[in-house]
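Spelled out from the first residue to the last, the chains are:
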Amino acid sequence: DAGVIQSPRHEVTEMGQEVTLRCKPISGHNSLFWYRQTMMRGLELLIYFNNNVPIDDSGMPEDRFSAKMPNASFSTLKIQPSEPRDSAVYFCASSFRGQFGGELFFGEGSRLTVL
Amino acid sequence: AQTVTQSQPEMSVQEAETVTLSCTYDTSESNYYLFWYKQPPSRQMILVIRQEAYKQQNATENRFSVNFQKAAKSFSLKISDSQLGDTAMYFCAFCMNRDDKIIFGKGTRLHILP
Chain A
1 DAGVIQSPRH EVTEMGQEVT LRCKPISGHN SLFWYRQTMM RGLELLIYFN
51 NNVPIDDSGM PEDRFSAKMP NASFSTLKIQ PSEPRDSAVY FCASSFRGQF
101 GGELFFGEGS RLTVL
Chain B
1 AQTVTQSQPE MSVQEAETVT LSCTYDTSES NYYLFWYKQP PSRQMILVIR
51 QEAYKQQNAT ENRFSVNFQK AAKSFSLKIS DSQLGDTAMY FCAFCMNRDD
101 KIIFGKGTRL HILP
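One line per chain: the protein sequences are A and B, in this order. Under this note's numbering, the residues of the first sequence are numbered 1 to 115, in order. Under this note's numbering, the residues of the second sequence are numbered 1 to 114, in order.
Hints are supplied without guarantee of correctness; some may be wrong.
Claimed, not checked - Beta-carbon label-pair distances, calculated as ranges:
1. M40(A) to T20(B): 18 to 28 Å
2. L47(B) to M40(A): 21 to 31 Å
3. I55(A) to D26(B): 13 to 23 Å
Said to hold, decoys possible - Derived BS3-like pairs (lysine-lysine); straight-line CA-CA distance at most 25 Å:
4. K73(B) to K106(B)
5. K101(B) to K73(B)
6. K106(B) to K70(B)
7. K101(B) to K68(A)
8. K78(B) to K106(B)
9. K73(B) to K55(B)
10. K24(A) to K101(B)
11. K101(B) to K55(B)
12. K78(A) to K101(B)
The hints are simulated quantities; they were obtained by calculation from the structure and are not laboratory data. Note that the Cβ used here is the ideal one computed from N, Cα and C, for glycine as well.
Same shape as in the complex, but just chain A (with noise of 0.2 Å):
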C-alpha cells in the first residue's frame, strides 16, 4: 500500500506568492492532519480534519493560512500571500479514528522557502 503521499517535496517562492500543499491520505484512513515544523517551535499541529470536516484548526497560524479536504483522498494546505517567517517543513498525515491512541502515518514533507 501506498503511504501518505505529498506533494511538491520543495518548494521555493517569492514572497507575496501563493503557495498550494498537497497530500493524499492512505486509503480508508478517516482522519487527516497537517503539521509544520521549524526549528524554533518543533512540530507544530495546523489543522486536523475527521471524515472531511475540520475538527480543529486553532493551529492554524493567521488567515493567510487556508485548508480544504473536498474528499476523503485529498487535502491541500494553502498560503496567500506567503510570507519568508512561513518557511519550515510542512508534513501532512493521516490515521483511522475509532482507534484512539492510534498510529500516525507521515508523508515526507514538503519543504517551503519563501525569499
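Fit chain B to the given chain A structure using the hints.
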C-alpha cells in the same frame, strides 16, 4: 491545554551504550496515550513505541522501552545497545483518549557515535 516538554535538545552517546531520553507532559485528563516518534535524517516520521495511560506496565519494543510514571507525568524512552541507525530526532507526543489530536514536544536530537 496539554503540553509536552522535552528538556534535552541534543544528546550524544557511544554505540552500544544505553541512553535515556526525557519527556514530561501536562494534562488534566486521566485517559490518554503517549508516543515516541523517530525522525532520521531522511525526514520520515516513524512510530517507535506507544503507551496507554491506563496500563501500568511499561511498553517495550525490542531495544526500546519506556518508563511511564503517571503521577509524575513523566514518559522517558530508553534505548539499549544503541546503534548508529538510532541517530535521529526523537519526539515525545501526547493524545487524549477522547479525540485523536496528537501534540508533540520539540524533540531531542540524538547522535550515536561510532
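The hints, checked one at a time:
no.: 1; hint: M40(A) to T20(B): 18 to 28 Å; result: 25 Å, holds
no.: 2; hint: L47(B) to M40(A): 21 to 31 Å; result: 25 Å, holds
no.: 3; hint: I55(A) to D26(B): 13 to 23 Å; result: 22 Å, holds
no.: 4; hint: K73(B) to K106(B); result: 17 Å, holds
no.: 5; hint: K101(B) to K73(B); result: 19 Å, holds
no.: 6; hint: K106(B) to K70(B); result: 21 Å, holds
no.: 7; hint: K101(B) to K68(A); result: 18 Å, holds
no.: 8; hint: K78(B) to K106(B); result: 18 Å, holds
no.: 9; hint: K73(B) to K55(B); result: 14 Å, holds
no.: 10; hint: K24(A) to K101(B); result: 19 Å, holds
no.: 11; hint: K101(B) to K55(B); result: 20 Å, holds
no.: 12; hint: K78(A) to K101(B); result: 21 Å, holds
Comparing the model with each numbered hint stated earlier shows that all of them hold.
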